[in-house]
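4 protein chains.
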Amino acid sequence: MLDALREKVCAANRQLARSGLAVLTWGNTSGIDRERGLVVIKPSGIPYEQLEPGHMVVVDLDGKVTGGELRPSTDTATHLVLYRAFEQIGGVTHTHSRCATMFAQARCEIPCLGTTHADHFYGPVPVTRPLAEAETADYEANTGRIIVERCANVDPLAMPAVLVAGHGPFTWGRDAAESVRNAVALEAVAEMALGTRQLDPRAPELEAYILEKHHRRKHGPAAYYGQA
Amino acid sequence: MLDALREKVCAANRQLARSGLAVLTWGNTSGIDRERGLVVIKPSGIPYEQLEPGHMVVVDLDGKVTGGELRPSTDTATHLVLYRAFEQIGGVTHTHSRCATMFAQARCEIPCLGTTHADHFYGPVPVTRPLAEAETADYEANTGRIIVERCANVDPLAMPAVLVAGHGPFTWGRDAAESVRNAVALEAVAEMALGTRQLDPRAPELEAYILEKHHRRKHGPAAYYGQA
Amino acid sequence: MLDALREKVCAANRQLARSGLAVLTWGNTSGIDRERGLVVIKPSGIPYEQLEPGHMVVVDLDGKVTGGELRPSTDTATHLVLYRAFEQIGGVTHTHSRCATMFAQARCEIPCLGTTHADHFYGPVPVTRPLAEAETADYEANTGRIIVERCANVDPLAMPAVLVAGHGPFTWGRDAAESVRNAVALEAVAEMALGTRQLDPRAPELEAYILEKHHRRKHGPAAYYGQA
Amino acid sequence: MLDALREKVCAANRQLARSGLAVLTWGNTSGIDRERGLVVIKPSGIPYEQLEPGHMVVVDLDGKVTGGELRPSTDTATHLVLYRAFEQIGGVTHTHSRCATMFAQARCEIPCLGTTHADHFYGPVPVTRPLAEAETADYEANTGRIIVERCANVDPLAMPAVLVAGHGPFTWGRDAAESVRNAVALEAVAEMALGTRQLDPRAPELEAYILEKHHRRKHGPAAYYGQA
Numbered sequence: 001m002l003d004a005l006r007e008k009v010c011a012a013n014r015q016l017a018r019s020g021l022a023v024l025t026w027g028n029t030s031g032i033d034r035e036r037g038l039v040v041i042k043p044s045g046i047p048y049e050q051l052e053p054g055h056m057v058v059v060d061l062d063g064k065v066t067g068g069e070l071r072p073s074t075d076t077a078t079h080l081v082l083y084r085a086f087e088q089i090g091g092v093t094h095t096h097s098r099c100a101t102m103f104a105q106a107r108c109e110i111p112c113l114g115t116t117h118a119d120h121f122y123g124p125v126p127v128t129r130p131l132a133e134a135e136t137a138d139y140e141a142n143t144g145r146i147i148v149e150r151c152a153n154v155d156p157l158a159m160p161a162v163l164v165a166g167h168g169p170f171t172w173g174r175d176a177a178e179s180v181r182n183a184v185a186l187e188a189v190a191e192m193a194l195g196t197r198q199l200d201p202r203a204p205e206l207e208a209y210i211l212e213k214h215h216r217r218k219h220g221p222a223a224y225y226g227q228a
Numbered sequence: 229m230l231d232a233l234r235e236k237v238c239a240a241n242r243q244l245a246r247s248g249l250a251v252l253t254w255g256n257t258s259g260i261d262r263e264r265g266l267v268v269i270k271p272s273g274i275p276y277e278q279l280e281p282g283h284m285v286v287v288d289l290d291g292k293v294t295g296g297e298l299r300p301s302t303d304t305a306t307h308l309v310l311y312r313a314f315e316q317i318g319g320v321t322h323t324h325s326r327c328a329t330m331f332a333q334a335r336c337e338i339p340c341l342g343t344t345h346a347d348h349f350y351g352p353v354p355v356t357r358p359l360a361e362a363e364t365a366d367y368e369a370n371t372g373r374i375i376v377e378r379c380a381n382v383d384p385l386a387m388p389a390v391l392v393a394g395h396g397p398f399t400w401g402r403d404a405a406e407s408v409r410n411a412v413a414l415e416a417v418a419e420m421a422l423g424t425r426q427l428d429p430r431a432p433e434l435e436a437y438i439l440e441k442h443h444r445r446k447h448g449p450a451a452y453y454g455q456a
Numbered sequence: 457m458l459d460a461l462r463e464k465v466c467a468a469n470r471q472l473a474r475s476g477l478a479v480l481t482w483g484n485t486s487g488i489d490r491e492r493g494l495v496v497i498k499p500s501g502i503p504y505e506q507l508e509p510g511h512m513v514v515v516d517l518d519g520k521v522t523g524g525e526l527r528p529s530t531d532t533a534t535h536l537v538l539y540r541a542f543e544q545i546g547g548v549t550h551t552h553s554r555c556a557t558m559f560a561q562a563r564c565e566i567p568c569l570g571t572t573h574a575d576h577f578y579g580p581v582p583v584t585r586p587l588a589e590a591e592t593a594d595y596e597a598n599t600g601r602i603i604v605e606r607c608a609n610v611d612p613l614a615m616p617a618v619l620v621a622g623h624g625p626f627t628w629g630r631d632a633a634e635s636v637r638n639a640v641a642l643e644a645v646a647e648m649a650l651g652t653r654q655l656d657p658r659a660p661e662l663e664a665y666i667l668e669k670h671h672r673r674k675h676g677p678a679a680y681y682g683q684a
Numbered sequence: 685m686l687d688a689l690r691e692k693v694c695a696a697n698r699q700l701a702r703s704g705l706a707v708l709t710w711g712n713t714s715g716i717d718r719e720r721g722l723v724v725i726k727p728s729g730i731p732y733e734q735l736e737p738g739h740m741v742v743v744d745l746d747g748k749v750t751g752g753e754l755r756p757s758t759d760t761a762t763h764l765v766l767y768r769a770f771e772q773i774g775g776v777t778h779t780h781s782r783c784a785t786m787f788a789q790a791r792c793e794i795p796c797l798g799t800t801h802a803d804h805f806y807g808p809v810p811v812t813r814p815l816a817e818a819e820t821a822d823y824e825a826n827t828g829r830i831i832v833e834r835c836a837n838v839d840p841l842a843m844p845a846v847l848v849a850g851h852g853p854f855t856w857g858r859d860a861a862e863s864v865r866n867a868v869a870l871e872a873v874a875e876m877a878l879g880t881r882q883l884d885p886r887a888p889e890l891e892a893y894i895l896e897k898h899h900r901r902k903h904g905p906a907a908y909y910g911q912a
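For the record, the sequence lines run as chains S, D, U and R. Residue 172 in our numbering sits at position 172 of the first sequence, with consecutive numbering throughout. With positions in the second sequence counted from 1, the corresponding number in our numbering is that position plus 228. With positions in the third sequence counted from 1, the corresponding number in our numbering is that position plus 456. With positions in the fourth sequence counted from 1, the corresponding number in our numbering is that position plus 684.
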């Protein structure tokens, strides 16, 4: 069963690269087997086009490597904090995609300006506070902690993205593939928000009732997007 | 004969994806058989690279599915309103293409700043009003209705595009393929208008007589663009 | 011998499409056989991927079609005016490439802000005046005439580009392939100029002595760029 | 052994073209064999897709061609100055990549606004002064000299990039391939900085302790990025 997860996580990482979101080796996707409490993640610093399922690294929720011969992504500890805090999620993706990173660097939320955004993210995409100097000691885990701090009281599947201030986006979903699709959607809505505010710095946020409507078309019991 | 339409609509949807206008599954193209009153449209939420003619869904002008085994696009009701109102058109395309969506989100017309625009759109591309809260009840059909409201007294083949406020563009044409070409043209003129106004916020609209000249080069009895 | 020119012009048109400068069918390249006074040009409205040498149209310098079975590009009369006025040139390319068209629509010269520009264009790239209403009668030829008017007293091989106000760029060169390379260079320097002025609206023009140096590295008797 | 270097330098040049950083023939990569004091570099003006290892040119550190049948890149003298001044480096890349060139033309440093930047460049990427008129006499070598002047007292592997005012970027690294990866990283951080400052002209520089942390994750004895 872990073999199936390795294949899915490998495929999701390759999809991430094909989507143009990950320059060089900047980006990583993981998936979790909740029953066993094991996470499968991309190895650190390996080019995407060379990735095969056998390269994937298996770690437990405390970060102990239990399978694979390579070092896991340096961002593994961040992924693990998210899996421990957000029990509904099955996959996590981190990128430095261009426009989402611009918002992260400007330390601005991505405002919800249209239905493209509403279809994927239920309101403005939040930004964390910066890490304090003392928090660099346990850097990757603390990056996860400020995400969880920022997303307290938020349904992680209704807002499956966050921007880490001065760093870049993390997205998640029900599985690894969905976390990649959310990374793609995030980049698109960030680019559109940038251009919309260039056209009109006071462009209004989407009407709350349209946000509600689009969210419910795709999420929850009354969803009617896609196939049954 | 419906088989031929399925093939054309499938090919138009695949062309839409190849043109880079449709991220993930955000976009759909349909075509109509006016004699039978049947519309062929992309199924909802299926990746473009997997689309085959047999996946296309057939609906009548009241939205009743009469062929195909999948659910039609969630935007089907919008397409149907357009086919009922604009009798000259044979194809409709909806996308969330980047720059056209920026204008839709900023709720700005796309001004006619050059001959690229004039070749395809006879004047500024209009924007609808936002939907009222009560109109979310019959959301997709009402999206079509505010388009028709905005385009009243406009020749739909002279202005084959509209921006839905806070949402994105719809385009149409004599058939499905032409509606896709108009979506491509719309995205290009939107990107150019954004950059032109960045260079000079007071860049002038194209002279009316040049708009007229370019429109008549491609449209109407004296057209001389393309092959006979 | 005209067969060789047909092949070169066809290849140059396909290169134009591969370079990403020509959306849909917006762009055309031609080449001239000066000895015979015959111009080979792309047919009107044919998709680039279908172009074959046999589709190319042959016209004399007065615009009479002397070979080929298709209609020539609607812009043929503009090309012919340029060939008659600029005796040194052997190829002409017209596009609606994104950033060059933004400058044409803003009716701004492209300032020479760096050596990329200096390597190809000896100073700011000029913009024509708009056509007067009466000039729409013989529209394509008059487009050529306002280009020639604007480029009077300019060496066409030192400044192988112009922007037609409200329309887009024309480039030329010693042959069809070089006119395409100049179209590629023009688009790149337009994009860079747009971004440079976004970073600093008062970014300075390149020092005149650096412009001179780069121009002479690539052009004239002391050129030392490329192979002997 | 020089054959191996020819292959690596050829592959690095082809990688440069595939990365989309080099339009037409604008860009070149070299590598050095420190034991023999020989530099292998791209020939001048040859299209990337035609490059083969046998086309690479070998020059000594004084610029004398000692192998290969083609002329070396016109920028060879600049590369040689860098190899002589920066003893730790093994490869050099020059491009006119879009966003890095915008900063070079605006004569602005690229500020360090996020961890993407910090992972590759230890602080703001510097800009040279413009060349003086007298310095155009020995143009390419003097371009190298103003780079070295600007980078005095800087560890070239901690800051493996510079912008030449009014021209474009040079990057370097432990070998040719790393100099290309740094060119890719530089373009990405330049694009992100441009967009970040568009969102907020006062977006803050990255906290110094985060810069320090990210730098040490990838560089120096305590680095833990990538495989052992």
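To be clear, the hints were calculated from the coordinates, so they are not data collected in a lab. Even glycine gets a Cβ: it sits at the ideal position worked out from N, Cα and C. Be careful, since some hints might not be right.
[Claimed, not checked] Listed below are the simulated DSSO-like cross-link pairs for lysine-lysine, each with C-alpha atoms no more than 30 Å apart in a straight line:
1) Lys213(S) to Lys441(D)
2) Lys748(R) to Lys692(R)
3) Lys674(U) to Lys692(R)
4) Lys446(D) to Lys218(S)
[Said to hold, decoys possible] According to the in silico footprint, chain U covers these stretches of chain R (three or more CB under 8 Å from chain U):
5) 687–695
6) 722–729
7) 743–749
8) 753–763
9) 776–784
10) 847–861
[Claimed, not checked] If you only want the chain D side, here are some residues facing chain S, beta carbon under 10 Å, derived:
11) Val251
12) Thr329
13) Pro352
Each hint tested on the structure:
| no. | hint | verdict |
| --- | --- | --- |
| 1 | Lys213(S) to Lys441(D) | violated (44 Å) |
| 2 | Lys748(R) to Lys692(R) | holds (21 Å) |
| 3 | Lys674(U) to Lys692(R) | holds (28 Å) |
| 4 | Lys446(D) to Lys218(S) | violated (41 Å) |
| 5 | 687–695 | violated (count 0) |
| 6 | 722–729 | holds (count 3) |
| 7 | 743–749 | violated (count 0) |
| 8 | 753–763 | holds (count 3) |
| 9 | 776–784 | holds (count 3) |
| 10 | 847–861 | holds (count 3) |
| 11 | Val251 | holds (5 Å) |
| 12 | Thr329 | holds (5 Å) |
| 13 | Pro352 | violated (14 Å) |
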